[in-house]
Amino acid sequence: MWNWKEERDERSPARSADAAAQPSHAAGPETHHESRRTTMTQSVQQSALIGQSILFKGELTGNEDLIIDGTVEGKIDLKEHHLTIGKNGRIKADLRAKTITIIGEVVGQIVADDKVELQATSRLQGDIIANRLSIADGAHFKGSVDMERKAEMVKPAVIHDEKLHARPPQRAPLPV
Amino acid sequence: MPPSAPLGGGARSIQTRVPTVSQPPAPSRLHHSTKNLKRLIDALSPHPAPHLLDVGRLCDQNITWLIHHRCKVTVDDQITPLPPPPPPPKVVPAHFRDRLSAKEETPVPIVVEPDHPDGLFDAILCWDLLDYLDPPGARHTLLRLAHLLKPRGYLLAFFNCERAATRPATLYRIVSAEQLDYEPLPHAHPPGRAYENREIQELFIGFDLVNSCYLKNRMREILVQKKPAPRH
Numbered sequence: 000m001w002n003w004k005e006e007r008d009e010r011s012p013a014r015s016a017d018a019a020a021q022p023s024h025a026a027g028p029e030t031h032h033e034s035r036r037t038t039m040t041q042s043v044q045q046s047a048l049i050g051q052s053i054l055f056k057g058e059l060t061g062n063e064d065l066i067i068d069g070t071v072e073g074k075i076d077l078k079e080h081h082l083t084i085g086k087n088g089r090i091k092a093d094l095r096a097k098t099i100t101i102i103g104e105v106v107g108q109i110v111a112d113d114k115v116e117l118q119a120t121s122r123l124q125g126d127i128i129a130n131r132l133s134i135a136d137g138a139h140f141k142g143s144v145d146m147e148r149k150a151e152m153v154k155p156a157v158i159h160d161e162k163l164h165a166r167p168p169q170r171a172p173l174p175v
Numbered sequence: 000m001p002p003s004a005p006l007g008g009g010a011r012s013i014q015t016r017v018p019t020v021s022q023p024p025a026p027s028r029l030h031h032s033t034k035n036l037k038r039l040i041d042a043l044s045p046h047p048a049p050h051l052l053d054v055g056r057l058c059d060q061n062i063t064w065l066i067h068h069r070c071k072v073t074v075d076d077q078i079t080p081l082p083p084p085p086p087p088p089k090v091v092p093a094h095f096r097d098r099l100s101a102k103e104e105t106p107v108p109i110v111v112e113p114d115h116p117d118g119l120f121d122a123i124l125c126w127d128l129l130d131y132l133d134p135p136g137a138r139h140t141l142l143r144l145a146h147l148l149k150p151r152g153y154l155l156a157f158f159n160c161e162r163a164a165t166r167p168a169t170l171y172r173i174v175s176a177e178q179l180d181y182e183p184l185p186h187a188h189p190p191g192r193a194y195e196n197r198e199i200q201e202l203f204i205g206f207d208l209v210n211s212c213y214l215k216n217r218m219r220e221i222l223v224q225k226k227p228a229p230r231h
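So the sequences go chain by chain: A and B.
The first sequence begins at 0 in numbering that gives the first Met the number 0 and counts up by one.
The second sequence begins at 0 in numbering that gives the first Met the number 0 and counts up by one.
It cannot be assumed that every hint is accurate.
[Stated by the list, open to error] Here are a few chain B residues that face chain A, going by a calculated C-beta distance under 8 Å:
#1 D59
#2 V74
#3 D76
#4 V110
#5 N196
#6 K226
I should point out that these hints are in silico values taken from the structure, not numbers from a laboratory.
By construction, the Cβ of each residue, glycine as well, lies at the ideal position given by its N, Cα and C atoms.
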């Protein structure tokens, strides 16, 4: 029990990367209660992790929580889930998730259905659209904030051509 | 039971005096009244969604408050990246002055130039940014900020009239339109300048004064409006 940390590291060395990511729900002093620590570990285990050495370019979508500690360029879309940009995360992308926690660096637009949290070491350049915003002392942010606009308004607008919908497609007359 | 313990039941307790460890007093965090924030919000009320630029220190409470007052807020903290103020100039004897180069005598002023399109904002919250700059740098910064404002846009600036050495860096949290919470930031470098009234007047070239008030806490709040473009 008392060698909990050592045992965990021996069992799965890959999990030590979780500590590097330091998501908001996993951060905290080491003197926390054992049960709380277990709960936090479980929540981190449920999150997918993009490690520090990973470079990803393109569109990233998913239906689970995600911790990014590497480099991502493009677009990230996690509907109804939590996205954490870890301490070593370097993101050049538009982000969308339910809640977004930034500890590293992000350049791009951020859309959160619920909350955006900028921790003390975070650096963000881009606009935020969210219902709630939390900025820690020391965070660096340049951009505009919109809390009124709902996230649905940011979805790409479906082009509705009235002429196209009014007339059914004309078929060529069948040969008699 | 130890031999020195008092007899007569366990209900009695021995009160011992625990030596108290002297801790440094926490920096005072006080609410102060503000006059010109309310004037600014009132002045912006005819706009349906005024666009506001905050060049002061980041504060989520201020952003939320301003958004709830129908403002669209852009934040661009220009105070935190500033270098610490230079040490006071050394007193040089007159017969050595000619040996100093001109570069050493006139340091290059620090200029703040937020990178935004011209004429985008209805108002700018400057807070005490200018207290961190020398007069030439402050003048240049205000010219740049004037370019960012729409015609007849507003700018709110604070000046602390106390001597610079005695005051810490401060974060101004909006409590209400008439009240601010002054949060001292002991780890941030303090402003290096205390402007006098005449210097403040000379800074705002290109602006019309809307209101200037000197508060009990030795803060001067200035609300100015960009001058209209000259007609040709």
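Ascending list of hint numbers which this structure does not respect: As far as the earlier hints go, 4, 5, 6 are violated by this structure, in ascending order.
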